[in-house]
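Undergrad: For reference, the chains in residue letters:
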Amino acid sequence: MKRRDFFKKGTKAAVAAGVVPIIASSCATAKDIVDDRKKDKWYHLGSGKKGIPERKKTETYDVAVIGGGAAGICAAVASARNGSLTVLVQDRPVLGGNASSEMRVHLNGVNNINGKAERETGIIEELLLHNRFENEQESFPVFDHVMYDFVVREPNLTLMVNTQAVEAVMEGNKIKSAKCWQATTETLFTINASIFIDCSGDGLLGASAGAAYRTGREGKAEFNETYAPDEPDGWQMGATLLMSSKDMGRPMTYNPPSYAIKYTHEGAHPRRHFKWFKDGIWWIEVGSKGDIIADAEKNRHKLMGYLHGVWDYIKNSGNFPEAENLALDWVGSLPSRRESRRFIGDYIVSEKDMTGYKHFEDAVAFGGWSLDEHNPGGIENISEPPSYFHYHFKKIYEFPFRSLYSKNVSNLMFAGRNVSQTHIALSSSRIMATCALMGQAVGTAATICNKRNILPREVANNHIKELQEQLLRDDAFIPKRPAMDPKDLARKASLIFGSTTLLGDAKNLLNGMSRDIDGAINHWQSDGLNAELQLEWETPVQLSTVELKCDTNVKRNIMMRKDSKNDDLYGNHVPKELLKSLSLEARVNGKWKDLGAIENNRTRLIKFKFNQLKTTAVRVNLKETYGAENVKLFEIRCYA
Amino acid sequence: MPNLYKLKFISFFFFPFWILFSNEPAMVSSERIEIDHKVIVKHPGEEVPVETILTEIQNKDSTTIGYAMEVESVICLDEVCKEIPVRLFWNDIGVYQKYVLAKDATLEKYEADLFEPEDYKKLHTVLANENSPFKDVAIHQVLTAVEDDSVDAVAGATALELDEKDTVPGAALTCYTLWHWANGDIIKTIKKKTGESSTNQQLLEFLVNDNKSYYPIALEALVSRNHYASEFIETVIERAANHDDLIKASIKYLEAAPLEVYTASLKKIFIASEKLQRIAVIRSLQYSKKELPKDYLDSFSNEIGYLKSFQEVSVFLGLMEVKNPNSIQINKALIALMEGDFLIARRVYWFLGEQSNLDDGQQKKLKTFSEAHSDKL
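Residue numbers (the numbering used here), protein chains in the order written: chain C, 211 to 850; chain W, 15 to 391.
The set of hints was computed from the structure by calculation and includes no laboratory data.
Since the model is a prediction, treat every value here as computed from it, not as a measurement.
The reader is advised that the hints may include incorrect statements.
[Claimed, not checked] Here are a few chain W residues that face chain C, going by a calculated C-beta distance under 7 Å:
| hint | residue |
| --- | --- |
| 1 | Val151 |
| 2 | Ala152 |
| 3 | Gln325 |
| 4 | Lys390 |
[Claimed, not checked] Dumping the calculated BS3-like pairs for lysine-lysine here, alpha-carbon to alpha-carbon at most 27 Å:
| hint | chain 1 | residue 1 | chain 2 | residue 2 |
| --- | --- | --- | --- | --- |
| 5 | W | Lys289 | C | Lys702 |
| 6 | C | Lys786 | W | Lys202 |
| 7 | W | Lys303 | C | Lys801 |
| 8 | W | Lys390 | C | Lys824 |
| 9 | C | Lys702 | C | Lys824 |
| 10 | W | Lys289 | C | Lys833 |
| 11 | W | Lys56 | C | Lys765 |
| 12 | C | Lys801 | W | Lys308 |
| 13 | C | Lys801 | W | Lys379 |
Built from N, CA and C at the ideal position, the CB exists for glycine as well.
Kindly produce the complete structure, drawing on both the sequences and the hints.
TA: Encoded structure:
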């Protein structure tokens, strides 16, 4: 869509996304519109003056990230931490996307492969741990603020909420600026940036830039996909509207509102069960075979009707005596979307890449949620199961960088459900923590682009190892890709040893693999606490940074759940394995010098920074975990 | 997902007759003694620890030969569960041996199918596998497996996928419940009881048993009896010196001994053992609350040659820094190490540099080293 056309035609289409400029004129140009405040008759009683309010601003950043869900948060934080001046533009008042209090979907990832998680590390884990420390009560609205804190505390990062990127301004095949409407301040921002990252899900900015995309389902033949339909069609998985209820301790009546749609469960597929109905029913879902974005408001209204219809069935059909004392205490008004645009990159990930566990030289993320393709008819097709669960993965699959940037808009990357993949691949990779890994990858890639003055495709072609190394250093995990950073001086140590060892050689900490996987032990575990880890160099080294990766038990999930499940697979608290207290020393001229201590550590990746010194040895004193008897480490790195 | 303990139960009557399922012949003896112990056992399928009776079985010589306990196998259908009593047997160190069912009792699968004869044999194999996948499985996963495999972003769990060799198909809950009874919390209790029931002579035999599981059982009992007769001490020294996996339990036993026994024993292990044991010995001495005689620490000057690796030397010097600085004998002995491996030599150099009583020859040696390796210090 051309820029001018957007303002002529785009308003209606954009209503679905919530906040749009209230501007409409059949003959004015866009420029005229945004300047059109001359008729504004503002009389300010305080100053006694008349004037025109300032409602147009231009800001310039290195990187602009559009969309503040899990993918966007991780992209923005990665970009900012790696040195790019970054803005995160979020169209809602809260961060978190589907996991926000507005929608309340669990922030799932690789939750369960053969009975254990293979949890995501890096920025998304840091965020989930932050929530475990700050939100013991497991409140979704508090989670909003935890995410807000996680973003605004980053010094290189500016957050704009209630702001929607509505149009790209192009310069050749590059996005020069994003026009962003901030509803609360009636302000149109022009955001200039070298790199744009669209993590908005629906991808309005990318679409307005002319980035190639598709919607619907590929036919079997195109990518040789077993679970694709025989012929391509337009179906897109629906959005879900959630709710939650609470036990009031006495019988509660329920009368459905005027817009409720009667639900009987007649002829429903047995998988449409009510097992967890207290915390919402994920198959209250409506999709579309046409323009799912255009249908969004119509579908929202329907979903609200279905939600109350189903609740009416639960409360008043007589089939749920256990619901007698239950009352709705939260109802969603914003459906949680699964699918709309999928941009086209230099590579399109498809089903066989996942089920065949294809190895990508440019892998930057991984996934492992099942091929969980929802019935596109949703609740309007209840004789079908709500999802087909085509395939459960036996191990994690890789996701390539070439699927995370546009093939035809040269400075546009994306992360989340709108990346370059087929509908069937999306049915697995759409899960939020998987999207978050993509986010960290593109945020990091953006900084490489800026430092080297290159575009994302060149990162893929010539700097993929640099990107992977930075991701690994920042505690992302890439399957079958050990870290081998030549700047890491720990790898040059003459000796490494632990004071005691229960399991795993201390040399494992230098092998570049930051988790136990594929049957291999990649850790060193002390036999009791206190414990020490020591590295010796024959020739002195100059050091200013020591980084550790400790254990958080990536085989157990830590995301917040409505049921606060706490068992072998899901924990509802800070992992007991996490290292809590430690200190660092370096040997200078034969004497141990204290380089600092960390109490109440909160992260898997632990960094000590100090004034550069010449040393022949470092010793990490490991004092306490959050409950585990022994401490387990996966990596130690040392840098000049 | 309901937990097991929240489900409704239909209890069967206890059957006094038992049918054996085991690869081993039934134990038939009219001269065995059975002693009942009231015990409390945790089980992942139970909300609270269960109080039950563990029967210790002894032969006519009052030697513990095994244990038995009656547990419940649980079969659930539509949230209604049946409990089938099952009697489990262990040997004297808590290794599962066999199970028996009441005469008229049968085990069932989901969908009310009865166990086939081969299923009973398979169940025994599952229970005998100490490293069964059930070890790390949560009960919700087992219960989910019988329903459907709905998974989504809101709630749910993937169906438990087990290799057929690890379970009785259709009876994962039975396998899970019984496996945790057979291989769970009760094992610790059994070991403790066996130690308590054994004579000193039996404990001495435990110490040299090829099956090392007996070793910590014996030591724990000996500590509680405060028993440090010389034949026990010599046995522990010999075992610890030759088996690094026994050093931790051995040192724990010796740390509770009188000072002379503790120090002499650790010295002997130091001399007779390898790197891991030596490091464990030195660390024990370093962190011991006992007042170690200076003569004793000085006497290690004769044993410096046993220190082979950097880590051993480093830990040893750490001990001396804390508990025996400025020892003339130790300093003298260490000089020899400055001629070998560079990392060790440098560590010794720095140690000696902190000593306040070096003679002229020693100081000259340090100076020479410093000049020769100035780029590596």
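Undergrad: Each of the hints needs a verdict: does it hold here or not?
TA: Quick rundown of the hints versus the structure:
no.: 1; hint: Val151; in the structure: 6 Å, holds
no.: 2; hint: Ala152; in the structure: 4 Å, holds
no.: 3; hint: Gln325; in the structure: 5 Å, holds
no.: 4; hint: Lys390; in the structure: 6 Å, holds
no.: 5; hint: W:Lys289 - C:Lys702; in the structure: 24 Å, holds
no.: 6; hint: C:Lys786 - W:Lys202; in the structure: 23 Å, holds
no.: 7; hint: W:Lys303 - C:Lys801; in the structure: 26 Å, holds
no.: 8; hint: W:Lys390 - C:Lys824; in the structure: 10 Å, holds
no.: 9; hint: C:Lys702 - C:Lys824; in the structure: 15 Å, holds
no.: 10; hint: W:Lys289 - C:Lys833; in the structure: 24 Å, holds
no.: 11; hint: W:Lys56 - C:Lys765; in the structure: 23 Å, holds
no.: 12; hint: C:Lys801 - W:Lys308; in the structure: 25 Å, holds
no.: 13; hint: C:Lys801 - W:Lys379; in the structure: 19 Å, holds
Consistency with the previously given hints is maintained throughout, with no hint failing.
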